[in-house]
Every structure is written in C-alpha cells, then in structure tokens.
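Chemist: Chain residues, written in single-letter form:
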Amino acid sequence: DVVLTQTPPTLSATIGQSVSISCRSSQSLLHSNGNTYLNWLLQRPGQPPQLLIYLVSRLESGVPNRFSGSGSGTDFTLKISGVEAEDLGVYYCVQSTHAPNTFGAGTKLELK
Amino acid sequence: EVLLQQSGAELVRPGSSVKISCKASGYTFTDYYMHWVKQRPEQGLVWIGRINPANGNTVYAEKFKSKATLTADKSSNTAYMQLSSLTSEDTATYFCTTGPYWGQGVMVTVSS
Numbered sequence: 040d041v042v043l044t045q046t047p048p049t050l051s052a053t054i055g056q057s058v059s060i061s062c063r064s065s066q067s068l069l070h071s072n073g074n075t076y077l078n079w080l081l082q083r084p085g086q087p088p089q090l091l092i093y094l095v096s097r098l099e100s101g102v103p104n105r106f107s108g109s110g111s112g113t114d115f116t117l118k119i120s121g122v123e124a125e126d127l128g129v130y131y132c133v134q135s136t137h138a139p140n141t142f143g144a145g146t147k148l149e150l151k
Numbered sequence: 003e004v005l006l007q008q009s010g011a012e013l014v015r016p017g018s019s020v021k022i023s024c025k026a027s028g029y030t031f032t033d034y035y036m037h038w039v040k041q042r043p044e045q046g047l048v049w050i051g052r053i054n055p056a057n058g059n060t061v062y063a064e065k066f067k068s069k070a071t072l073t074a075d076k077s078s079n080t081a082y083m084q085l086s087s088l089t090s091e092d093t094a095t096y097f098c099t100t101g102p103y104w105g106q107g108v109m110v111t112v113s114s
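Going down the list, the sequences are from chains A and B.
Each residue of the first sequence is one higher than the one before, counting from 40 in this note's numbering.
Each residue of the second sequence is one higher than the one before, counting from 3 in this note's numbering.
Just chain B, with the same shape it has in the complex (with noise of 0.2 Å):
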C-alpha cells in the first residue's frame, strides 16, 4: 500500500523558517515527482513546485522561487519542503503528493 506520511502540525513565528516531511512508502521512492501543494483555508490548490527523487532535480512555481525550497532523502524515502521568511499569507495546509497518492497534509500556521 502506497502511504505518504506527513509530519505534524506547526505554529511558528512570523519571519522564521519551518521544515516539513513527507515520508513515503510502498513504491520506488525515487520513481515518481513528489509535488507539494498549498491550500489557504477554505480557499483552492496552489502547486509550488516539485522535485525528482532520484536526482534532486527541482522546479519551482514562480511565486515559490524564494520561499520554498525542495529537497529528498533517497536513503529515508523522504521528501522535504522548507518555507522561509513566514507572513501570516503562509498559513495554510500543505500536502505532499505524486499525483495519484497525497499525503495528509499539513496545517502550518503563523502566529506571534
């Protein structure tokens, strides 16, 4: 069975930095992109960017180039995201998927 783990939920300041995980399991880590969405609440899906496992080879939608970085652990089957530079506009629920297969999500809030 295909499962996309996703870490837990943050709050973090305005003007830090949070890292995300995503770990997969029940497939070839690095056969498939791992794309990582954004969802404000109650509002619809942003595509950020998404990155090749198998070569850490990444692309980045525009609006993403300086906020969110991409990385993979082939050894962990592990796919990170790490946003920078926190406003209030990043609060929002961030999932991890290949496309057919999605992560839980995860709720990062920003807060002082």
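Bound-form chain A, shown alone (with noise of 0.2 Å):
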C-alpha cells in the first residue's frame, strides 16, 4: 500500500499566519491516465472531513483561496495563507491513485 507521510504532526499558529503542511508518498502518485490524485481534507472537532483541494492544486467549491496545493510525483504541500480560527484541525492528505485508497496520519492545527 501507498504510505503517505505527514509533517508536521502538530502546528501551532497565530491568526493571519501562514502556514504550509507537507504530505509525502512512497511512490509517484502520477496516474498512467495524467491525472494525480492527491487530495487534502480538513476534519474540525466533532465534524466529518471536509474536502478542501482536489488534484493536487484545485480548490473545491466554497473553499476559501486561502488554501492552496502544490506538488507532483511524490511531494505535495497545503498552504494556507493566513491562518484564521475556523481553520482549527486535522488536515490529512488522501491519494486514490493506487488502490487502495491510503491516508496520512494527519496534522493537526492550533492556536498559538
């Protein structure tokens, strides 16, 4: 199975800090078909995850654009550009471009 290793585990930040999370896999997360499929997601306490970004860099709908993907092959990072509080949680990384689907062990975001 695909692992994909999250740092930092724990964040800790101020309100209007930036702040970046990387995700790294132990193979290329490059389809044969083009595509990458790495997504984020943030889970707030008592919540469901909430998917934030798609395919490495593609904002889901309702998704503030102070988040943002980047990455390819194997090394993919979350940015966020200045942190507010409703952003408090776990951020995980997922890939479903090897089955089966596999997720990080997640990072979780505090107030400084």
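Hints are computed from structural coordinates only; laboratory data are not their basis.
Only a predicted model underlies this, so the values are computations on that prediction, with no experimental measurement involved.
What the simulated footprint calls covered on chain A by chain B, stretch by stretch (three residues with Cβ under 8 Å from a Cβ of chain B suffice, anywhere in the stretch; the number is not a length):
id	stretch
1	85 to 92
2	131 to 138
3	141 to 148
Note that CB positions come from ideal geometry on N, CA and C, so glycine has one too.
The task is to assemble the complex, starting from two chains supplied on their own in separate frames and drawing on the hints.
Modeler: What follows is the structure, encoded as structure tokens:
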C-alpha cells in the first residue's frame, strides 16, 4: 500500500500566520491517465472531514482561496495563507491513484 | 443540495454483526462511487472500500475483505455496510463519502 507521510504532526499558528503542511508519498501518485489523485481534507472537532483541495491543486467549491495545494510525483504541500480561527482542526492528505486509497496520519493545526 | 444521511449510533455485542446505512439525495446516486471510511476514537482515517452503485462492483482494502460487506440499493438511493464478527477493534465512527461529500458518521460501539 502507498504510505503518505505528513509533516509536521502538529502545527501551532497565530491568526494571520501563513503555514504549510507536507505530504510525501512512498511512490509516485501520477496515474497512467495523467492525473495525480492527491486530495487534502480538513476535519474540525466533532465533524466529518471536508474536502479542501483535489487533484493536487484544485480548490473545492466554496473553500476560501487562502488554501492552496501544490506538488507533483511524491511531494505535495498544502499552504494556508493567513490562518483564521475556523481553520483549526486536523488536516489529512489522501491518495486514490493506487488501490487501496490511503490517508496520511494527519496534521493538527492549533492556535499558538 | 447533496446530502448523505447515515443511520444512528449502534451498541452491539462482541461476535455479532451490524448493518449501517447511508441515504443519498441531491444527486444521481449511480453517478459516483460510494466509499466507506473508519475512524477509531482519537485516531486517523482508514479506507475500508468502495462500491459502484450503478452495478454493485466493490473494491475492499485487504484488511477489511472478511470484515465488511458493501451493498447499494438503487431504488432507495441507499448504500449499506455490514460489519461482521465484531470485536472491540471495530469500535469506531464509520463515514460514507463520495469524495466531495461526507455523511455525518455512525458511531459503532462494540461492548458486552
């Protein structure tokens, strides 16, 4: 199975600070069809996960544009440009290029 | 509005089975795979498998092949997951998701 390694496991930020989360894959996530199926999710406390970014860098409808995704192959990054209070929670990367789908272990974003 | 409405919390005995549901509305049920995800208390997300509601084809993660059975009823736009031979390791919240959309989760507690 593909292993997704997220760093850091915990991130402390102040409101307005920009932060980045890394997701590294044990193998390339480039599919033979040319797409890279790497998404980012946010799970707020007591809530189901919410899709933020799909196909590495595409912003899901309704998601603020302070969220952005980048990367290719095995290295991917989620950036939040100006953290807001509603952004606190656990962020997960998830891949569906290779079966079975796998998730990173999560990065908890806390207020400093 | 897309909605995935899951059934209520379950308290079940070790060794028994449970069947939880996920009723979809607001989109064409047969157009998207339905995935199921497990989250143990204070833990990360684990992909169980997926079903194609159009034809019933399923794909399971290896560790869930003898644990979970996924089905879908096109007449009622409802996906189901049955979990068998339950142990304390199965105590978790189970989510259905199409990718962008997630159910609210079902808490299954296995206890005597």
